[in-house]
Amino acid sequence: MRVRNGFVDYCRLVAAAGIVWYHSGAPGQLIGYAGLPFFLVLLALPTRSSPSDRARRLLVLFAVWSLIYALLWMATARYYGLDTFVW
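Just so you know, this note's numbering puts 64 at position 57 of the sequence shown, and the rest follows in order with no gaps.
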């Protein structure tokens with residue numbers, strides 16, 4: 008059984024929040040910019056899962072959220088009478 012290191016996950020969460028803070032333009036945004044290199048270092052840590060397992064997990068999430076976004080976009084376009092496929 009594989010045990011995850013919770014501390015690394017919490018550090019990734021803080022680093023991701025810093026990146027969001029930087030891009031939000033909130034006061035002190037330059038402090039949040041430090042989250043980017045920190046996040047990249049945490050991503051480079053060795054893991055026990057293979058690259059294909061990680062890629063599959065990320066691609067599934069990407070596909071699901073792309074579908075949700077596309078459905079919301081089409082519903083909104085239909086509600087306001089806009090072209091559905093504007094891309």
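Hints should not be assumed to be uniformly reliable.
Restraint ranges, calculated between C-beta atoms of paired labels, are given here [to be verified]:
1) Pro58 to Met81: 14 to 24 Å
2) Tyr87 to Ala51: 37 to 47 Å
3) Arg61 to Thr91: 28 to 38 Å
4) Thr83 to Ala33: 39 to 49 Å
5) Tyr87 to Pro58: 15 to 25 Å
6) Pro58 to Gly88: 21 to 31 Å
7) Leu89 to Thr54: 17 to 27 Å
8) Phe45 to Trp80: 43 to 53 Å
9) Val48 to Met81: 17 to 27 Å
These are calculated hints, taken from the structure and not from any lab test. Ideal Cβ placement from N, Cα and C applies to all residues, glycine included.
(request) State the violated hints by number, sorted upward, taking the hints as numbered earlier in the document. (result) 1, 4, 5, 6, 7, 8 and 9
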